[in-house]
Amino acid sequence: MKNLYNIHAIWLLMIALTMTTYAMGKLGATGVIVVLFLLLTAIIKGGLIIRDFMELRGVSLLWRVIMYGWLWGVCIAIAIAYIISI
Amino acid sequence: MTTAINNSEPKLLPGDLAIWFFIFMELLVFGIFFIVYAVMRIDNIELFNQYQLTLNRELGAANTILLITSSYFVVRAVHAIRDNNVKNCINWLGAALLGGTGFLILKSIEYSDKFSEGISLSTNTFYMFYLSLTIFHFLHVILGMLILIAVIIKAKHGAYSADNHIGVETGASYWHMVDLVWIILFPLVYIIR
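Protein chains in written order, with this note's numbering: chain A, 24 to 109; chain B, 26 to 218.
The reader is advised that the hints may include incorrect statements.
Keeping only pairs whose Cα atoms sit at most 30 Å apart, straight-line, the calculated DSS-like set for lysine-lysine is [stated by the list, open to error]:
| id | chain 1 | residue 1 | chain 2 | residue 2 |
| --- | --- | --- | --- | --- |
| 1 | B | Lys-132 | A | Lys-49 |
| 2 | B | Lys-139 | B | Lys-181 |
| 3 | B | Lys-36 | B | Lys-139 |
| 4 | B | Lys-36 | B | Lys-112 |
| 5 | B | Lys-132 | B | Lys-36 |
| 6 | A | Lys-49 | B | Lys-179 |
Read the hints as simulated data drawn from the structure, not as lab findings.
Please model the complete structure; the sequences and the hints are all you need to start from.
This is how it looks when you write it as structure tokens:
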């Protein structure tokens, strides 16, 4: 399993997640679950970029909190703004 | 070839520390921009939903794939220089630049369509956000490409090796930030409704 977790697989996973996001848009899907799903997809992709492309896995806790905190903080704020308006 | 995820512990931030403060500031600005977009939408839901449908999702998705792939190429460039393979490092950075160029071309086509329809920042609140957010990001793609070009030029002059490649990591980190921002911008502006 460990051998399958490499930058090639991460790249392909992010492409697949992008196509999923596009498909959701094409289908015109709406609703709380869809909003949360799309934002979670963005969080997964962003997390992969931060951890494996930017190589922040294992750096000081402060920088990981800053980067993941930004990602989660922005997405949660967006989720709240969208959900209260549904 | 170094392609596996590195689980060992160096673990300093890759690249120059200064670029990380710059990245942090950039992320703060984009983050505030995204949240303001989402909050402004609350009082303009119908307008945002109506005009979001006029955006070209296909170009948006293609641009996402271009940026992700370009970021992947930059990772390959960093791995290449760690293997002391300067030639491959330059080639991968060149491929990343092509991805960035593709992004700029597709975005220009998108803007051309909108501008030819007479759409501008003052058309309505949605287009104001769409244009200002994406143009702001567009400028960051250009800056990221200029940084990558500078890294390529230095690499060609033998400035980098397996022992000294902070410059490559610095340019790579900035390019990944440009990708990271788009990862949220695309679903936010083009898809979520």
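Hints and how they fare:
1. As the CA atoms of B/Lys-132 and A/Lys-49 are separated by approximately 19 Å, the hinted pair is consistent with the 30 Å bound.
2. A distance of roughly 40 Å separates the Cα atoms of B/Lys-139 and B/Lys-181; the hinted pair therefore is violated under the 30 Å criterion.
3. Proximity of B/Lys-36 to B/Lys-139 is assessed by CA-CA distance (about 46 Å); at most 30 Å being required, the pair is judged violated.
4. Pair hint B/Lys-36 plus B/Lys-112 holds up; C-alpha atoms about 26 Å apart against a cutoff of 30 Å.
5. With a C-alpha separation of about 37 Å, the suggested pairing of B/Lys-132 with B/Lys-36 is violated against the 30 Å cut-off.
6. Between A/Lys-49 and B/Lys-179 the CA atoms are separated by roughly 44 Å; this puts the pair beyond 30 Å, and the hint is violated.
Hint check: violations occur at hints 2, 3, 5 and 6; the rest are consistent with the structure.
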